[in-house]
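Protein chains in written order, with the numbering used here: chain P, 4 to 362; chain G, 2 to 82; chain U, 580 to 906.
No lab work stands behind these hints: they were computed from the structure. In this text, a Cβ means the ideal position worked out from N, Cα and C, and glycines have one as well. Be careful, since some hints might not be right.
Counterexamples of contact, computed for chain G against chain P with all Cβ distances above 12 Å [said to hold, decoys possible]: (1) D4; (2) I12; (3) L27; (4) D30; (5) D38; (6) S41; (7) W44; (8) N46; (9) G50; (10) R53; (11) P60; (12) S62; (13) D71; (14) G75.
Quick list of the computed label-pair ranges, beta carbon to beta carbon [as the list claims (entries may be wrong)]: (15) P:T8 / G:D30: 53 to 59 Å; (16) P:G29 / U:V876: 39 to 45 Å; (17) P:K27 / G:D30: 38 to 44 Å; (18) P:Q36 / U:G846: 49 to 55 Å.
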Amino acid sequence: MIEFTLPALGADMEQGKLLEWKVKPGDAVARGQVVAVVDTSKAAVDVEIWQAGTVAELLVQPGETVPVGTVLARLRAPGEKVPEGPARRRISPAARQRAAALGVDAESLPGSGPEGAVTLADVERAGAEKPSPAPAPERMPDMRQAIGAAMSRSKREIPHYYLSEPIPMGRAQSWLDAFNAGRALPERLLMAVLPIKAVALALKRFPELNGFYRNGTFEAGSGIHVGVAIALRQGGLVAPALHDAADKPLPALMQALSDLVQRARSASLRSSELSDPTVTVTNLGEQGVESVFGVIYPPQVALVGFGRVSPQPWVEQGVVMPMPVMRATLSADHRVSDGHRGALFLAEVRERLQHPETL
Amino acid sequence: MNDDSRYAQVISLLQEIAPEVEPEELVRDQPLRRQVDLDSMDWLNFLIGLHRAFGVDIPESDYGRLVTLDDVVGYLRRKAG
Amino acid sequence: MKTSYRDALRAALREALAADARVFLMGEDVGKYGGSYAVSKGLLAEFGPERVRDTPLSELGFVGAGIGAALGGLHPIVEIMTVNFSLLAMDQIVNGAAALRHMSGGQFHVPLVIRMATGAGRQLGAQHSHSFEGWYAHVPGLRVLAPATLADARGMLAPALACPDPVLLFEHVRLYNLEGELAENPEAWRCDIRSAAVRRPGDAVSLIAYGGGVPLSLEAAETLAAEGIDAEVVDLRVLRPLDGETLLASVRRTRRAVVVDEGWKSGSLSAEIVARLMEGAFYDLDAPVARVCSEEVPMPYARPLEDAALPQAHKIAAAARKLVAGT
């Protein structure tokens, strides 16, 4: 038997409310398949399963709020024998009749009766909790609280150090203009993806900025999954992962970012996107600030911020010239890295952005 | 198509990106991105919406001419006829 | 008034003998010995050998004589020592008494009452301890009663005598010494011989029992109540015709049932009750119906084995627990 538990979708998540099952007993599931929708304080998240199998029973029903780690469902592993006895779900005659009247799917309910049978009371409980899927709750106050908890923990536990570096963006801007000039709107790139890619590539040489600090030790990330801070229109933010950002060509990265932003705002993120980020990038330049000194999202160990691109006088080879400049900042965990390495990392990001064609 | 229906369609595209927009609160001759919180991704998606709805191609060099709601509607009138 | 099941039966007999000259009692040892369970003790002296008659050891003969007397206009009460011995009279009861009104097109009635002891628990061995009342409950033309309370022991005889058909009254051997309060007012024991009775209301599970199973079920219900399981105890009282409505109403309310029957499971009265529940309350059930019956062996003599073979309160409670497990 495989136990499918409620994953922690971020450091600030302690519990989740099951909104909907996407599978029912008897369904075969593949690795990576979305099997449930769970509401965290931040978003309704499509939760994926990471083991293939066949759903044996669903133990939590839509509308229930359970702590992280709770077994939500049990699955039979591939090849695992169906236990002796009827494979058919035990549903009492009274429960079956009532379920039909209420339009409740008795097959998907957890049973509280003898041998796990679904009883009349189970059906009536589920019927009272309809409509299913359970409506997403008003989450603003919860989200504020969750962000507050995570950020307080960060500031309490993580000894931050901050570095700032102005980056000339003339070459990047010219390259981008040329790239976009011949392309239809949907194929165009936004400037925002270039720094993300530059960060991802730079992190390959600075693994101590990419990963997690847990239980007193640093664990390097198994990939470079850049969490992108996305402000939600109703307030608050999420920072879901762009998976393997260093390995994606810019158009693919642009598409992934566009998709991620859209799903973050329509509240249909996947669990892996919330739990996987190994680093966070935040870009507040759009809102006009020159630089941002971010708070690290635990248990990550670094956050890279970008400010607005603005024309400034710039000296190059003894000549003053106008130059679009963007200020990059690094907030990093002193338990894992030092300012020296952090400075080299920002320099690497700057260098990468001077060669946009290689991004 | 007249300007009224252009305004209506542009605003409805805008609302797809920013559902909180109240049409009557938009000032047509003031910069749109100062009235509605639109980041570059939102703006791009808005332009993609215009491109699909009106069949106009909007080169990046024209972005600077699309500041107010009036600008957008005027641009569409000229380009899409 | 404090009384016992045995005394209540005797009081009913005395009342019947005094009230109607057509009533008489006969059977093995009912006169001088006072009845093998001492139910008729003292009645011979009170009513004389015409009305309280000792018979030869021939169930076939004296039951047949009782049927003849009933056909001739009397109201005989025949006592058979135990239901095991009644099998010797089964031809008279089933082929004769039960069928005569129907075979005669309603011309002949057999207003006969046959009392007999049934059940185990007194170490009387396999020849004296079985529960064959279910066999009689199988037969149309008979009415089969199982008093389980002092009030029914006192009250059932009068309507049984008033019934135009043969009535079999089963007295469980473990009940004879049952003691308790019974009001002297006849209203306290006046009863019908049609309906089942809820002896203890509850909403979690119905314990359906009769005769000796009723006190066991009440005891089980107390145990369950201490665990938060509120069991209802239904006393069948009348084994034929069964009061289906009361059973179904109870099970429709509790949605779970344990049927307690000292007979064996196979082909038993309990099987009939389960079938009735399936026919009438299938869609109301929240769990399979459970049964607590005697083990399928001839009743052992040895005390531990007899206890092990019989329904017990703890077995009933365990069966009920399984039906509500998890809730």
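Going down the list of hints, with the structure as the test:
1. D4: holds, 23 Å
2. I12: Holds, since 16 Å exceeds 12 Å.
3. L27: With a cut-off of 12 Å, L27 of chain G remains clear of chain P, as the shortest Cβ separation is near 16 Å.
4. D30: holds, 22 Å
5. D38: violated, 7 Å
6. S41: violated, 5 Å
7. W44: Non-interface label on W44 of chain G violated, nearest chain P Cβ at 9 Å vs cutoff 12 Å.
8. N46: N46 of chain G is in fact no farther than 12 Å from some Cβ atom of chain P, at 7 Å.
9. G50: violated, 9 Å
10. R53: violated, 9 Å
11. P60: With a cut-off of 12 Å, P60 of chain G comes too close to chain P, as the shortest Cβ separation is near 7 Å.
12. S62: Since the minimum Cβ distance to chain P is about 8 Å, S62 of chain G lies within 12 Å and the statement is violated.
13. D71: Given a closest Cβ separation of 21 Å, the condition holds.
14. G75: Consistent with the label, G75 of chain G stays out of reach of chain P, its closest Cβ about 19 Å off (over 12 Å).
15. P:T8 / G:D30: 53 to 59 Å: holds, 56 Å
16. P:G29 / U:V876: 39 to 45 Å: holds, 43 Å
17. P:K27 / G:D30: 38 to 44 Å: violated, 56 Å
18. P:Q36 / U:G846: 49 to 55 Å: holds, 53 Å
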